[in-house]
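There are 2 protein chains.
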Amino acid sequence: MSHATAPVYRSEILTVGDELLRGDVVNENAAYVGRVLAEADVPARFSSVIPDDLEAITAAVENALTRAQVIVLTGGLGPTPDDVTRDAVARYFGFPLVEDAALLAHVQELFRQRGMVMPEISRNQALFPVGARQIPNPHGTATGIHVIHDGRHLFALPGVAVEMRQMTDEYVKPALRAAFADARVQTRTLRLAGIGESHLLEQMGDQRELQPLVQIAYLPHHGLLDVRLTARSQDEHEAAAQIAFAEGFIRERVGAHVYATGSTSLAEVIGNILMNRGRTLATAESCTGGLVADMMTDVPGASRWFERGWITYSNPSKCEDLNVPASILEEEGAVSESVARAMAEGARKRAGTDWALACTGIAGPTGGSAEKPVGTVWIATAAEHGVWARHLKFSGLRETIKLRTAHAALSFLYQHLIETRA
Amino acid sequence: MSHATAPVYRSEILTVGDELLRGDVVNENAAYVGRVLAEADVPARFSSVIPDDLEAITAAVENALTRAQVIVLTGGLGPTPDDVTRDAVARYFGFPLVEDAALLAHVQELFRQRGMVMPEISRNQALFPVGARQIPNPHGTATGIHVIHDGRHLFALPGVAVEMRQMTDEYVKPALRAAFADARVQTRTLRLAGIGESHLLEQMGDQRELQPLVQIAYLPHHGLLDVRLTARSQDEHEAAAQIAFAEGFIRERVGAHVYATGSTSLAEVIGNILMNRGRTLATAESCTGGLVADMMTDVPGASRWFERGWITYSNPSKCEDLNVPASILEEEGAVSESVARAMAEGARKRAGTDWALACTGIAGPTGGSAEKPVGTVWIATAAEHGVWARHLKFSGLRETIKLRTAHAALSFLYQHLIETRA
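Respectively, the protein sequence lines represent chains A and B. In terms of my numbering, the first sequence opens at residue 1 and continues consecutively. In terms of my numbering, the second sequence opens at residue 1 and continues consecutively.
By construction, these hints were calculated from the structure, which means they are not laboratory data. Model, not experiment: these values are computed from the prediction. You may find that some hints are simply not true.
[Claimed, not checked] Derived, one-sided and incomplete: chain B residues facing chain A with beta-carbon distance under 10 Å:
#, residue
1, Asn27
2, Thr80
3, Ile243
4, Phe245
5, Thr261
6, Gly262
7, Thr297
8, Val299
9, Ala302
10, Glu307
11, Tyr313
12, Glu320
13, Asn323
14, Ser327
[What the hints assert, rightly or not] Away from chain B, derived, C-beta distances all over 10 Å, residues of chain A:
#, residue
15, Ala102
16, Ala175
17, Glu197
18, Phe249
19, Gly255
20, Thr261
Think of the CB as a built atom: it goes at the ideal place given N, C-alpha and C, for glycine as much as any other residue.
Input sequences plus hints: build the corresponding full structure.
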């Protein structure tokens, strides 16, 4: 079918594979390609997963070519009968598939390097549609296909992630830069902690002075919030100025909540602050069960500032490992302000660190009561000059409550690190 | 446009969100929905990602309705102006959007539970297209939408993963069973630990007696392996018998590695074994940084068998908290068999538990040496009657090494729990 009147947009992603449709494999390739296209200022407007089927792939390519300037397709370039992307591209453009001597030598050489003889089935990896450009695949047998047609670009890449990524970095990115050098778009992501989407919108108030200039996307994830700003202008400097204006607008209103720009995690920001100040951290967790420490130790080099952590799940462990007085546990219960404070203080003293972070709560689904329902949480942070605690209430499933508590704990520590500068 | 001649196929997945197109978020929701649809015998033939755009969502729904019996759409049901799925569905079907008093009370109650007043912007979460069925979202503010139109089913669910999954499990799955009750497909997933895909295939040997009956999919994930069996027959009992035959075939060859069927996690299996035997567990982690304990405490009711855990990241913490002799640390280094054993023994004694599980390793990207490169790992488990250790070598990024180490540690503990019956 034809879409002569449909607006042409920048790009479209096609990923081929029955395993993706069945959900056996999560579509990491589409995410990777999406990031590359966005960064190259040819953001994707659609992304489709197509079955391993000649008709379906041909139809998808035809459709995409009517409406996108750039199409990146991954998958279906392997040697098995399932792999029909090469045939679909050749058929759609009317290119003959011919064995290429140099490609055959490359495939044979790859097998030789692995100490194997090329199986006959892999000989079809040397077939290439005459009329298209080759996208080299130094580490794999599936050569990529680049077709320029009517000013539009189709890039077909293998589905093997490491090969696809290398070919994208080395061939597709430069090709996009060469083809779309006039792009004038800027994006910037502000990462916020300790504020929700609806309260942010209230704080922002009237956004009319931003709206014509900058597109704003709100991306909440379990108590943390990313705000992505996108500006588009014929003039690169103008786009940058619009982003800066919007960032200033937001920082003026909720600047204390902005912990990073870009993709830096909150744990990374906390780690950098501690490292720059020569400070150390210990954690004491009950309901989060190690998740806070896991987030901290995801940061490369964490051993320079993360000293140790406890998961004091039982009451005896809170007493024995963190010196929480048994009397407090008995009188106020394990999920209480006093216990959260005692855990943070006990961890800081036992570990000999500058800072400690503690959480205790009821993750559910059982263990709640009328007075302390599932989702009741106390977090506390301790430093030499003080101990601070906060009460929180969450709802949701066990893993959600763990995740939201961990994010809230990190946000709380971050806020005190910033405020106290200790 | 119309596809009057297009063949009708079983299902189609639509996921809404600019963040997915840009690759800011990997599309885990599409994978989850794909698995559910495949298991319900209405496998998806297409899966598309749609921008947060009223026209685009409406067009995608229209298109999908011309060719699929079931459409599952996720995302775009939130409170912000970006969230336009509700409007698209209402507009396409001509349903008026009306505030629903019961939904408003539910949204207000969720905010009340969190100790907050509902922001005015969230009031639109109570708008619902009159004529559609409500898909309850007990833990979230976005109610799902189920439309039956011309014998076809549209399910619109929020993009928040935990809410979407719960709503899918509790509403969509039963609705699909009711609508497609003639399906004669049976699936069963065997979950394996301590064996890789290639070794499993070697152990399985000649599978020709299985192949015509049962389709087998191998789904590895970071050291654990799921094997999904699918049988299709006109006769429900025949399909069940084929699955049982295939399961027996596999268990005969690698039964010791099968820790569960279905979706039960390895941590859950370990927890059930410990609970049934009245045993308890402590963890002592270095390189995994709390991930092992986090997995254990994801299991509801973990407090009945998980006593406590340590993240002994520094050398002093290994000595002070787990009684690891400083001399061993000095002579053999923190990543060594002796230290792993001492950590496990120390944790068991300090916690007074029946079992302890320890890991120490180099997660990278720094900290490796020629003798002990990044990815060098020792795991150990201790019980009253012995201590066992294993050396492992992984490659990959820091988070991958943490995850593979944690899975290996759980597999190791599971194996010893099964073998020793203590």
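We went through each hint and held it up to the structure:
1. Asn27: Nearest chain A Cβ about 5 Å off; hint holds.
2. Thr80: With a closest approach of 6 Å, the Thr80 of chain B hint holds.
3. Ile243: violated, 17 Å
4. Phe245: violated, 23 Å
5. Thr261: violated, 17 Å
6. Gly262: violated, 16 Å
7. Thr297: With a closest approach of 3 Å, the Thr297 of chain B hint holds.
8. Val299: holds, 9 Å
9. Ala302: holds, 7 Å
10. Glu307: holds, 5 Å
11. Tyr313: holds, 5 Å
12. Glu320: OK, holds: Glu320 of chain B within 10 Å of chain A, min 8 Å.
13. Asn323: For Asn323 of chain B, the interface hint is violated, since the closest Cβ of chain A sits about 13 Å away, which is over 10 Å.
14. Ser327: violated, 20 Å
15. Ala102: holds, 32 Å
16. Ala175: Fine: 19 Å to the nearest Cβ keeps Ala175 of chain A off the interface.
17. Glu197: violated, 6 Å
18. Phe249: holds, 17 Å
19. Gly255: Gly255 of chain A clear of chain B: closest Cβ-Cβ about 21 Å, beyond 10 Å.
20. Thr261: holds, 14 Å
When each numbered hint is compared with the structure, violations occur for hints 3, 4, 5, 6, 13, 14 and 17.
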